[in-house]
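Enquirer: This is what each chain is made of:
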Amino acid sequence: MSKNKDDKKARLNRCKSLLALVVMFTFISVTIVYPAPVPPEQEAWSWEPYGPRVDETLMPVILDYDARLMAFKKGDLDTCFIQPARVAEVKDDPNIYLLTYQTFNLQFLGINCQQYPWNYTAIRKAVAHLIDKDWIIRNVFNGFGVPVDSAIPPAFGDWSNPNVPSYPYSRELAKKVLLDAGFMFDERTGKWYEPNGRELGKIVIQVPPQEQAPWLYQEAQRIVEEGRSIGLPIEIEAIEFQALVAQIYSKTFKSFILYLGWARVPTLAYELFRTGGSWNFWGISDPELDKLLEQFYYTADISKAKQALWKAQEKVADILPYIPIYMGIANVGFRTNIAGIVLSKPVGGQSYLTTLNVHHTDLPFGGAYKTPLGSDPRTLNPFTAITGDEWAVMNNILESLFIAHPDQVSDNLPWLAKSWKMEETEINGHPVTKITFYLNDNVTWHDGVKFTARDVNFTWWFIKLNRPTQQYAKVFEKLIETEVPDDYTITAYINGTSWTYLYDINVALVPAHIWGNESLLMQHGGWEKWDPSKVPHPTKSGLTCLIGTGPFVFAERKPGEYILLKWNSGYWKRHPAKTLKLEYTLQRTTLYEGEPLQVAVKVTDYTGAALTNATVSLQLISDGNVVKSISAIHKGGGIYEASLDTAGLSGSFKALVRSSALIGGASFEKEVPIPVTIRPAWERYLPYMALGAIGIAVAVIAVLYLTRKRVKPSG
Amino acid sequence: MAGLAKYMAKRAIDRVMVLFVALVLQFALLRVLPYYVLGIDPSFFFMNPNLTNEQRELIKKAFGLDEPLHAQFVKYVLALFTGNLGYSFYTRRPVAAELMERLPNTVILLGTSTVLTILFGLAIGLMLAMKRGTKIDTAFISASVLLNSFPTFYLGLLLLLVFGFYLRLFPLAGSVSRPPPSDPVLYVADFLWHMTLPLLTLIIVGVGGYALLIRSLLITQLGEDYIVTARAKGLDEREIIVKHVLRNVLPPVITIVALALPGIVSGAVITETIFSWYGVGRWLFEASTQFDYPVVQGVLFISILLTVMSLYIADLLIALADPRVRLR
Amino acid sequence: MLLAVEGLKMYYGVSNETVKAVDGVSFSLGEAESLGIVGESGCGKSSLAMALLKILPSNARIVDGRILLEGVDIVSLPEERLRRGIRWKKISMVFQGSMSALNPVIKVGEQIAEAIIIHENGVTKKEALERAANLLEIVGLDRSTLKRYPFELSGGQRQRAVIAMALALNPKVLIADEPTTALDVIVQAQILKLLRELKERLRLSIVFISHDVSVISEVSDRVAIMYAGKFVESGNAEAVFLKPSHPYTQALISAVPSIKEPRKTFKYIVGQPPSLINPPPGCRFHPRCPYVMDVCRSEEPPIIEVEKGHFAACHLLGG
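Chains as they are written, first to last, in the working numbering: chain A, 1 to 715; chain B, 716 to 1043; chain C, 1044 to 1362.
Don't read these hints as lab results, they were simulated from the structure.
Incorrect hints may have been included.
Below, a list of computed lysine-lysine pairs in the PhoX-like style, where the Cα atoms sit at most 20 angstroms apart [said to hold, decoys possible]:
1) Lys1150/C to Lys958/B
2) Lys450/A to Lys581/A
3) Lys434/A to Lys421/A
4) Lys958/B to Lys1351/C
5) Lys176/A to Lys251/A
6) Lys1097/C to Lys1150/C
7) Lys581/A to Lys628/A
8) Lys1133/C to Lys1150/C
9) Lys581/A to Lys558/A
10) Lys850/B to Lys1097/C
11) Lys450/A to Lys478/A
12) Lys958/B to Lys1133/C
Please read these numbers as outputs of a predicted model, since none were measured by experiment.
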């Protein structure tokens, strides 16, 4: 269910974040468990940038979680997200192992810093000291969490500052913070008083009602208990989730415990903490922090941005507009015959490369990977789809210029773009960011059309013009112009300077020849209404309009039931070893001129299935030149035979068995060199000649011996 | 039969009024209330926040949200009756088209289950009425009450667990195998195989209620005086029930069946979710939680229309069955 | 004797207790004779009526006695024979509360025809309906009533229809259980007249059951007074009414207001009808009898023949 899509950018779209909040809501927990051991092939696996290894991805739609888990345990699925409460059920199953990683979902206590009495920094800090994160993780979430001190947690790699001031759980420290700030505690009445002498008013924590989210309620209760133990007038307010959200947006809330779903780059931090930021619900305004955030956002140099963010994190930890509590831990189950799962370092999360690397342990290439969808995708239009399941499908089909590097999630791995350059320049006196991408030239769309810079250009301008909610970001708003000097280079000029532009412009790319086909789109309702996966491709039968450059092609869909993706045999990063297999038998590698060179070749695909439509040829090469060649004839069962006449040839040669075949519509080739020596014809008679020579020699010796001069004995 | 014609005309007016009131209520609740009274724009969640204000106004115009209320209502009703059920906020595609995608699955499952449930319920109720007071009667009553109170999701999951997971006799999700067999006969068999567990769930949960209802209706009639007359006249138990009691029990039974019919279209949310059955019920539920108002309105309208129509047919049938209704 | 009842006892079982509804009743009835049975509510007369046709609810049974119809004891006959050969064919019944005695959703003619069709094989529906129309005429209704529903008829018409239905198979004995109770006086008189006519014309024997003494007196040749499951007095109507011998009978008769007499206070019988589960020992009437004696409390009174054919069970009459 929550496969991390490292390439999805966090959108400031309220819908999606709300959805993320709601998704996190389904964590329930029961007992602490230890995951089953990971199979050795998976342990030892190091990722390859090639693939895909499987031939098909089958994505059945199973709405009910219990049914999904049952299907997984039964073997109908190869993977399944395991809710914490169900980990115990699967850990002892010898056919299942678990991989655990931190998610990008942060749970925090958000505070309305404009509301009394939360507006006192001391109160916020005191409450921070009263949150026993370890207890909460252990008892409410049963170990499936990592306590977090900084607003930017470690899952972000080196964006996260490990040295922010922390607020360890301690009642003494809580009291001390208050006393140091001028608050007074009256032992007699058991009440606290503000520095101005007024009795401290009610401190409220809002959570959804116990029936809706019992774990959040339990957490809040614990915090309230702690607060009360030192005499603070703190209490819980149970408020229905939608009403709470409405209060948050209107900034009339008091404080709440909820989750925030991040993407792999913390661009959200800018809007979260700056004065007037669209996510600044807490109402904080600190000029120093604002400056740091401007530095963080508006620089083209990522390392400078990281530095600024580190400082900003310290400031945020000091102001404490929200108290981070923990990061969720996800458990994903796999059948023990599955390997090739790639997790991003440092803290995990499935990398995009899993799609390319996953395979069955007994079948290095081929087969099907069965992964469930928890809801039926309503639409597979990349510009209007918003659910995780919809993107889970499209992430197999569409690609982008670069992806998260699995060895360090905050770094980038070039993908469709082989490299890029980011420069700061000026246009008419205004600072402008210039990003140039150099694209790979061997990429094709699923229908065979070449992928070029024009597609990138088209996608960007399409987003700028139509403003689809998912993709539209500042970078498109500020895009001034683009240049396409050749098919594989594109430059974008964007007003302002920010490293975020690089990330925000890295959208999933769509083919210009489909999405730019006005009449095609209008026929089906326009770009917003149409579902490209339901419209047949205008020229290629068997394909739909949902085509991309990615490792899988959209093959089949039964609405509400399943989606089937077939591997893109023409994939530009196709695994070099996923090709034909040739097995040959040669009677002799040393021949005499005139003897036929006979080869029998068995041509199979990578799973060992015989291919009966291959073209096989045998070539004789000397010094790099083809001296002779002949085609092999199919004799049945994928076995091809060739017989080459060696008349007039002699010397050492390289016999090349070459084969090409179509698999899944793309052509595969393989060749096997065999060293061959051809002796001149007369050498055949060498033994005879040798024998003859020996015979003559013997005869001569014999004759000599017999005709030797007899010496007379004389006197 | 003049009386009948008059009566049906009266009932027609009645039912049309009900339809009208229902439409007004639906319109008020789903469009007026949120938008005008509570100030929540139901299209808020789908209106692209990046649009300029003019673009938003254009879209509102397209949905007709800028006109006065009564004009909107008239447009709305006209649209409904010409088959235009609106456009889903979520996918922007016509509600009618999306409904048609999901309708066959729901109608087949729910249709079969409703028919079977009512038939079994009638049969069991009949048998119990004839055997009232005996141990079999008591046993069945307890069983019916128990089954009727079984939560659907619990029974569904239980069946899934036992027959799908432990015994591996039935599939765990969907209406067809993945990928489905190409031979049409096998395809139908595959479909029926997938339909077995959800069908069982619905029947088991529903049959108890019908059986008890029929049983008590029959027993009430069996206590009437004319039954004594019939017995005195020489009819045996079976003849009494078939010739006399059933005629009197028809009106409530027809009404019950008529009310069950619209459910065939609006589906069963829980069953459809548990068995991942691609149907209307689940869709309606999702649309409600996603604030996809046009879908909710469209499906509700179909539901209301069907209810009114089947009640009208029920009126006709009851009038034919019970002369007191049409002649008095 | 067409119908002879000897010592009939019918008891009900109600939550572990026995209600002795009919506790030793005997009488006889000849052809074209009418016997009127009078009694208060709860004295067991309706039970007696049901017992005569052996239509018993599931918790009732005939414990003792015989019912001889044309010499055959129907108590011992199996249900099947009763249903096909005896009920409605030889002996039929007109019920009280005639509104609900007819199925409200079936036409009157069909209900009458049904009785015919059930019992006689080979009769077509058309023939049966023809006969039903004739029966309706006999009871004084228009033939068009055949196609009417019960609710379309007035109370009196319905009662006639029920009588027509009872006569469908030309029974020899008709049991009329409170047939006029729900009707107004004028209609009541019409029905009683009809019954008398039918008795004469069709040579029909009628057992007429009512709580209304005056009605009984109009229509019966012979009369029996029932109290607490037993007959306390029986005989010719004239004899019993002119010379009521049992204190209960006397009280009943004097309780009927008379137009001729000047207005005076209502005479009523003190006390309540006894429980049929535990009837009083001795004479069942003794708790309410103005002439009660010691012996009445302990011994059941013998049946004394007051005059020829006129019997009463009372200690007072003992010699």
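Enquirer: Hint by hint, say whether it matches the structure.
Expert: Now the hints, each set against the structure:
Of the supplied pair hints, the one linking lysine 1150/C and lysine 958/B holds, its CA atoms being roughly 13 angstroms apart against a limit of 20 angstroms. Our distance criterion of 20 angstroms between C-alpha atoms is broken by lysine 450/A and lysine 581/A, whose separation comes to about 28 angstroms. Straight-line distance between C-alpha atoms of lysine 434/A and lysine 421/A comes to about 8 angstroms, which keeps the hinted pair within the 20 angstroms bound. Taking the CA atoms of lysine 958/B and lysine 1351/C, the gap is about 51 angstroms. The hint is violated against a cut of 20 angstroms.
Taken as a hint, the lysine 176/A and lysine 251/A pair is broken in the structure, with Cα atoms around 30 angstroms apart against an allowance of 20 angstroms. Restraint check: the Cα-Cα separation between lysine 1097/C and lysine 1150/C comes to about 27 angstroms, which exceeds 20 angstroms; the hinted pair is violated. Restraint check: the Cα-Cα separation between lysine 581/A and lysine 628/A comes to about 24 angstroms, which exceeds 20 angstroms; the hinted pair is violated. With a C-alpha separation of about 25 angstroms, the suggested pair lysine 1133/C and lysine 1150/C falls outside the 20 angstroms cut-off, and the hint is violated.
For a cut-off of 20 angstroms, the pair hint linking lysine 581/A to lysine 558/A is broken: about 35 angstroms separates their Cα positions. As the CA atoms of lysine 850/B and lysine 1097/C are separated by approximately 26 angstroms, the hinted pair breaks the 20 angstroms bound. About 29 angstroms separates the Cα atoms of lysine 450/A and lysine 478/A, which puts this hinted pair outside 20 angstroms; it is violated. For the hint pairing lysine 958/B with lysine 1133/C, the CA-to-CA distance comes to about 24 angstroms; that exceeds 20 angstroms, so the pair is violated.
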